[in-house]
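Chain A is fixed; fit chains B, C and D onto it per the hints.
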Amino acid sequence: MATITTLADAVAELVHDGDTVALEGFTHLIPVAAGQEIIRQRRRDLTLVRMTPDIVYDQMIGAGCARKLIFSWGGNPGVGSLHRFREAVQQGWPVPLEIEEHSHAGMANRYVAGASGLPFAVLRGYTGTDLASVTSTIKPITCPFTGEQLTAVPALNPDVTIIHAQRADRAGNVQMWGITGVQKEAVLAAKRSLVTVEEVVDTLEPRPGAVVLPGWVVTAVAEVPRGAHPSYAHGYYERDNAYYQAWDAISRDRQAFEAWLKGSVFE
Amino acid sequence: MATITTLADAVAELVHDGDTVALEGFTHLIPVAAGQEIIRQRRRDLTLVRMTPDIVYDQMIGAGCARKLIFSWGGNPGVGSLHRFREAVQQGWPVPLEIEEHSHAGMANRYVAGASGLPFAVLRGYTGTDLASVTSTIKPITCPFTGEQLTAVPALNPDVTIIHAQRADRAGNVQMWGITGVQKEAVLAAKRSLVTVEEVVDTLEPRPGAVVLPGWVVTAVAEVPRGAHPSYAHGYYERDNAYYQAWDAISRDRQAFEAWLKGSVFE
Amino acid sequence: MSLNYTADEMMSVAASRALRAGSSCFVGIGLPSTAANLARRTHAPDLVLVYESGTLGAKPDRLPLSIGDGVLAETADAVIGVPEVFNYWLQPGRIDVGFLGAAQLDRFGNINTTVIGGDYADPKVRLPGAGGAPEIATSCREVFVVVRQSRRTFVEKVDFITSVGHGRGKGDRERLGLPGAGPVLVITDLGVLRPDPETSELTLTELHPGVELEQVREATGWELKVSPELSRSPEPTEHELTVLRALKEAR
Amino acid sequence: MSLNYTADEMMSVAASRALRAGSSCFVGIGLPSTAANLARRTHAPDLVLVYESGTLGAKPDRLPLSIGDGVLAETADAVIGVPEVFNYWLQPGRIDVGFLGAAQLDRFGNINTTVIGGDYADPKVRLPGAGGAPEIATSCREVFVVVRQSRRTFVEKVDFITSVGHGRGKGDRERLGLPGAGPVLVITDLGVLRPDPETSELTLTELHPGVELEQVREATGWELKVSPELSRSPEPTEHELTVLRALKEAR
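Protein chains in written order, with the numbering used here: chain A, 185 to 451; chain B, 185 to 451; chain C, 6 to 256; chain D, 6 to 256.
Only chain A is shown next, with the shape it has when bound in the complex (with noise of 0.2 Å):
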């Protein structure tokens, strides 16, 4: 069963310096919080995992907690650049990140190899472009049956994983709709999970397209109401487009930027 806690003190006991974190929501449920509650608790050398890394990463890496980025798509959705991500590839400003770059469908399947308890998944992907050539953690893989040459990538396996979810009962049990992305696989695949929610309840009414995290499978749950925010909380709220509009300027020059991680984050 998972432990109700606070997010402080499940930021606290389960991540830790160096460790592989993957923070997952696509546009929808993003743990911006926690992601936030990472900088405040200054962790660093972290191997930062995501599909689509935009602001919550990109704060994260220019609070320099990041010496490693995997991911398949990074920007500002709708706006533009991460421009603290950028600085850190292209100046290695705070520190140099190393990356590791994929599509979404492979890292969609290593997220579901990992979540399989497989050591790698097989795609159709990735055939006739420059991104195996630049990411080693792409190699070609035989049809025993068919001969057919298709791609390998192999299982991601976080040391946790946090996500954001609507709600939580008191055992931990978790439910999210709307679209959901790839939490599910990313929980699973990993060692340890967070799960902030916007409310903890009683009981878990049966919905729609809900989709329902068993409380034995996650570490510990924490409430945040608006714990997404700017992103969006499908029943709760909606995504807050002026902030990532806003974040634009914050995050092109350094100066602003620090202003607001002491503004913000630390204060």
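These aren't lab readings, by the way, just hints derived from the structure by calculation. Mixed in with the good hints there might be a few duds.
[Said to hold, decoys possible] Lysine-lysine pairs mimicking DSSO-like chemistry, simulated, CA-CA at most 27 Å apart:
id, chain 1, residue 1, chain 2, residue 2
1, B, K446, B, K323
2, B, K252, B, K323
3, A, K323, D, K175
4, A, K375, A, K323
5, C, K64, B, K323
6, C, K162, B, K323
7, B, K375, B, K323
8, C, K162, C, K230
9, C, K129, C, K162
10, D, K129, D, K162
11, C, K64, C, K253
12, D, K64, D, K253
13, B, K323, A, K323
14, D, K129, A, K252
15, C, K175, B, K252
16, C, K162, C, K175
17, D, K162, D, K175
18, D, K230, D, K162
19, D, K162, A, K323
20, D, K175, D, K230
[What the hints assert, rightly or not] What the simulated footprint calls covered on chain C by chain A, stretch by stretch (three residues with Cβ under 8 Å from a Cβ of chain A suffice, anywhere in the stretch; the number is not a length):
id, region
21, 52 to 63
22, 93 to 102
Note that the structure is a prediction, hence the values are computed from the model and not measured. Beta carbons are placed, not taken as given, at the ideal position from N, Cα and C, and that holds for glycine.
Chains B, C and D only, in chain A's frame:
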């Protein structure tokens, strides 16, 4: 978009002698009426595929529709053996039945590979068993990253998959709920598909736990109330356990079976 | 005072007692399902029942008649597809106990549910086959086998290995790279057998009340080893029997 | 009489017209999403929109602001997980049209959205990366690229092949064993390019109204081939513009 048609027309058009045909439904929503329509139309030399061949396959095999069976568990659940299946395997009556035998995990993954457009699937399975020595569609495969040896099974891509669901709308979008088994994968793996439904409705109300198959991946839909009897349709009718019990006596005896065929299928 | 109960009831009670509170159990239909549901209603209310039909955490109010009984879906924490059961839940070793039956069981706990007699292509008896058992036997952390004991069932060597137990003896599972511990417990209508720590050979460790050692020897198709610490299973309690019988009547 | 409209509006209209009624379309955010939603509201009401966030058959009443906009889940025929989108829906070639943008596009329709300048380890500009594009480009039956035309974007050879078009020319896709036909249409703010049937080199086949051939040549980083049957795209209709503008305002 799927065509809304009758069971007889759908079987006549979609199921041909010699086809590989999968009827799926895991205890729940077994497309029994469709299986009996295949008997009625006297199809021959079918390769029948099903994880859990039970009464409907016992009937089809006893009626001489099949030359081969690909499966992982064949029995009359809670009652005992399938005597038509046993007689076909042991005495070759009414026609010899070739078998290709897997485990549930292997069969499920073969459908997954088929639905995914991959020639094979990888699993931890069959190790240490005699299945690999009698089934040629089980082969070792080595992880290109860790060197670990795992098991590969080839994709299943039936010529036609038939399932039963609770509802479809007039565009042929299919909705099923309760235990949904491997039906989605079996339909997506097939070249053609037929879905019999309890009822065709104007709109599919979203429901908890419902799986929806869009009409554009379904070939035909036929309204067949009680089309899953003697299995059950969640929300419509219960499992007819007496039928399963009674089947044992009919199945044990050739004459009794042929009388049943004549009386219950051909008249 | 001693209660009246059948050997099957003793077997179900012994099997249910073996299930630890707070654990998860991959349940097959029949004896395993009875034992698991009895455990949930007695000492292990939080036991997580996983059925291969895709129901996680089912809490049936009566014994399900099949692994796909509607009551399982209605009472489950989550209902998932069959591929997901095997790939995301069983295969990674998330399930503590796998509960299996057997048509044949040999001295090393290997299980046959495929064919008996003749050869595979032309068997004397064609059985239902593997189902989920081969991967349950390898992926669950532990395997319990529940089966009535007789010379027909308890054979020196199974005619076909459908699900591997301890192979040909100690160390075989490690050699095969199987993650789980395999059959650690075989519960029958006569007693309980456990693999010998040295040889992995199934050894009688418990006799059910009123059962004589000779009966067990006669019901075993190999020269049965008996543990020096052979003990007696405690009788079913009145509560256990009441709950078990209520469960069965609720069918 | 001629209407007032922008080059971007013409591009969106041309892209939407290319989508056939009754087909399915894998939609990226931005221009592709605008064009696909315009098509659904004009000539192709039954167009099936698939977004990589897992929404099958979404029918948004306004332009989604992201590929994971809540309006997509609310209006979809089915919402599925991201692994399923790629494995069960995109990979097997079920989707007719894949709609892509590009930071760089070369004469054979290869797409770069990864890095520009320098080398991969130390690029001049780090772009967002691949996302779903590499597999969209290989698995969809056809690919349409929608991109504003300029020398910066239309380059002789892309700095990095993120998504393969026609490789180094005719026959390369077959040699690579890629199932889909690749980029069959490139729609820009100036006109429309199609791969030459002989060489697979992108060739100008349509000029948008009021655009001179010279403008397109200047906006192309290679010596542009022009089709002998070069035609003029029909102007946007009043209806198309009304619907398009309503869509944009509904944001």
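We went through each hint and held it up to the structure:
1. Pair hint K446/B plus K323/B does not hold up; C-alpha atoms about 43 Å apart against a cutoff of 27 Å.
2. With a CA separation close to 21 Å, the supplied pair K252/B and K323/B stays within the 27 Å bound.
3. For the suggested pair K323/A and K175/D, the alpha carbons sit about 26 Å apart, so the restraint of at most 27 Å is met.
4. This hinted pair checks out: K375/A and K323/A have alpha carbons roughly 25 Å apart, not beyond 27 Å.
5. For the suggested pair K64/C and K323/B, the alpha carbons sit about 38 Å apart, so the restraint of at most 27 Å is broken.
6. Taking the CA atoms of K162/C and K323/B, the gap is about 25 Å. The hint holds against a cut of 27 Å.
7. The suggested pairing of K375/B with K323/B holds, with an alpha-carbon distance near 25 Å, which does not exceed 27 Å.
8. The suggested pairing of K162/C with K230/C holds, with an alpha-carbon distance near 16 Å, which does not exceed 27 Å.
9. Of the pairs offered as hints, the one joining K129/C and K162/C holds, with about 16 Å between alpha carbons and a cut-off of 27 Å not exceeded.
10. Between K129/D and K162/D the CA atoms are separated by roughly 16 Å; this keeps the pair inside 27 Å, and the hint holds.
11. The hinted pair formed by K64/C and K253/C meets the criterion: a straight-line CA distance of about 15 Å does not exceed 27 Å.
12. For the hint pairing K64/D with K253/D, the CA-to-CA distance comes to about 15 Å; that is within 27 Å, so the pair holds.
13. Straight-line distance between C-alpha atoms of K323/B and K323/A comes to about 20 Å, which keeps the hinted pair within the 27 Å bound.
14. Simply put, K129/D and K252/A have alpha-carbon atoms about 20 Å apart, close enough for the 27 Å limit, and the pair holds.
15. Under the criterion of a C-alpha separation no larger than 27 Å, the hint pairing K175/C with K252/B is inconsistent with the structure, at around 39 Å.
16. Annotation: proposed proximity of K162/C to K175/C holds, straight-line Cα distance about 16 Å (limit 27 Å).
17. Annotation: proposed proximity of K162/D to K175/D holds, straight-line Cα distance about 16 Å (limit 27 Å).
18. For the suggested pair K230/D and K162/D, the alpha carbons sit about 15 Å apart, so the restraint of at most 27 Å is met.
19. For the given pair, K162/D sits about 25 Å from K323/A by alpha-carbon distance, which is consistent with the 27 Å threshold.
20. Annotation: proposed proximity of K175/D to K230/D holds, straight-line Cα distance about 15 Å (limit 27 Å).
21. Evaluation of the coverage hint for the region 52 to 63 of chain C: fulfilled, as 3 residues show C-beta separations to chain A shorter than 8 Å, against a requirement of three.
22. With 5 residues carrying a beta carbon less than 8 Å from a beta carbon of chain A, the region 93 to 102 of chain C meets the three-residue requirement, and the given coverage holds.
Hint check: violations occur at hints 1, 5, 15; the rest are consistent with the structure.
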